[in-house]
Amino acid sequence: SKLRPKKPLISNINDNVLMVSRMLANKRGSASLIIGVNGGLEGIITDTDVTRRLVAKDLEAATTNVASVMTANPTVVSMDDPAMDALSTMVENHFRHLPVVDSNGAVVGVLDIAKCLNDAISKLEKAEEKSSSAAEDAVKQMASLQGAGGNQAAMLTQLLGPLMAQAFGNKSSPTLRSLLAGKPATIVSPTTTIYETAVIMAEARKAALVVENGTLVGIFGFKDMMTRAVAKELPTHFSNVDKVMTPNPESVSPDMTVVEALQVMHDNKFLNLPVCEADGRVCGLVGVMDLIYGCGGAEGWRSLFDTTMGMSNDEDTASVGSHSLKSSTKSISRNSVSSKKSIQSKTQKPVSKL
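Per the working numbering, the very first residue in the sequence shown carries number 47; after that it's consecutive.
Hints were generated in silico from the structure; no laboratory data involved. Mixed in with the good hints, there may be bad ones.
What the hints assert, rightly or not - Computed beta-carbon distance windows for the label pairs:
| id | residue 1 | residue 2 | range |
| --- | --- | --- | --- |
| 1 | ASN119 | GLU258 | 40 to 46 Å |
| 2 | LYS315 | THR109 | 53 to 59 Å |
| 3 | ASN72 | LYS289 | 19 to 25 Å |
| 4 | ASN259 | ASN150 | 57 to 63 Å |
What the hints assert, rightly or not - Cut-off 27 Å, straight-line C-alpha distance, at most; resulting in silico cross-link-like pairs (DSSO-like, lysine-lysine):
| id | residue 1 | residue 2 |
| --- | --- | --- |
| 5 | LYS315 | LYS73 |
| 6 | LYS103 | LYS229 |
| 7 | LYS229 | LYS315 |
| 8 | LYS52 | LYS73 |
No experiment lies behind these values; they were computed from the predicted model shown. Yeah, the Cβ is synthetic: ideal placement off N, Cα and C, and Gly gets one too.
Can you build the whole structure from these sequences, using the hints too?
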């Protein structure tokens with residue numbers, strides 16, 4: 047299989063945040079790579095950065111240079127770097143995005159941990175379709191490791207259950223309730239202003255749940271903030287969150303397992319899942335990084351990614367060409383995965399096999 051990162055969305059170091067936000071909104075992107083005057087990679091800006099470093103700081107997008115909001119000298123991964131090192135770097139550092147460069151330092155794209163996870167799950171599902179006996183074995187192992195299951199046990203649970211149990215020390219998949227224990231929920235009311243919501247989101251680094259009279263009525267994420275508020279220049283102190291939220295979002299039970307939550311996220315391409323009790327009481331919200339980091343971290347997920355990297359994918363016929371971005375030797379050598387870790391044996395799969 048070939049590495050198929052998202053096509054890089056490029057902005058200039060002299061652009062303001064409004065320009066970048068509008069470009070990302072038009073392209074339906076969540077991150078842009080920032081190039082300097084010499085053509086080298088200077089930074090990366092994400093929808094989360096826009097909320098945390100612009101809106102929550104009460105800055106104007108049209109007059110704020112992207113350089114003051116971006117993450118400068120970002121870590122990058124080379125196509126030739128060990129794939130597990132790249133994935134471990136993302137999980138350990140809570141990076142959702144990681145720029146990918148070729149051997150010449152030209153940007154090829156942006157690696158997205160959520161896409162990596164979705165691709166891995168898709169490969170497991172395709173493998174199951176081709177091997178009914180493997181599925182039967184998985185169901186038997188699932189029954190012995192995590193109980194007989196029940197009507198709620200989806201096919202992904204049957205496939206991932208044994209693998210995760212083995213990867214995480216033969217422990218059953220944790221529930222969302224355990225992941226949320228002791229963590230405050232990012233709850234706002236429909237009349238909370240966008241600015242006040244941004245402050246809460248920035249502090250928790252979480253999307254906001256909009257609750258009215260104890261009932262979940264909406265969700266407002268970082269991408270929503272960038273595309274629906276910043277890109278449209280809404281007055282954040284005078285606009286309420288109910289005007290820009292996604293109304294009536296789906297929610298899941300706190301007793302759902304992490305594996306089942308991964309199934310829901312995968313099937314619906316969600317990045318966040320509101321968690322509510324049966325009576326409607328809001329427990330909190332889990333994101334894709336919470337699920338990845340909360341049940342094993344980098345070491346636990348090595349088994350999942352390593353297993354799926356060995357699977358062929360007949361649909362991987364497209365390749366991504368390099369973007370005409372000059373190499374920024376200083377930033378790449380300082381921040382690349384391969385400069386932080388010694389290159390391992392040739393038997394280890396490179397990033398190009400993700």
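Here is how each hint holds up against the structure:
1. ASN119 - GLU258: 40 to 46 Å: Holds - the Cβ-Cβ distance for ASN119 and GLU258, about 43 Å, lies within 40 to 46 Å.
2. LYS315 - THR109: 53 to 59 Å: violated (35 Å)
3. ASN72 - LYS289: 19 to 25 Å: The hint (19 to 25 Å, Cβ to Cβ) holds, given that ASN72 and LYS289 are roughly 21 Å apart.
4. ASN259 - ASN150: 57 to 63 Å: Given about 58 Å between the Cβ atoms, the range holds.
5. LYS315 - LYS73: holds (17 Å)
6. LYS103 - LYS229: holds (24 Å)
7. LYS229 - LYS315: It holds: about 24 Å lies between the C-alpha atoms, which stays within 27 Å.
8. LYS52 - LYS73: Status holds; Cα separation ~12 Å.
In this structure, the one hint that does not hold is number 2.
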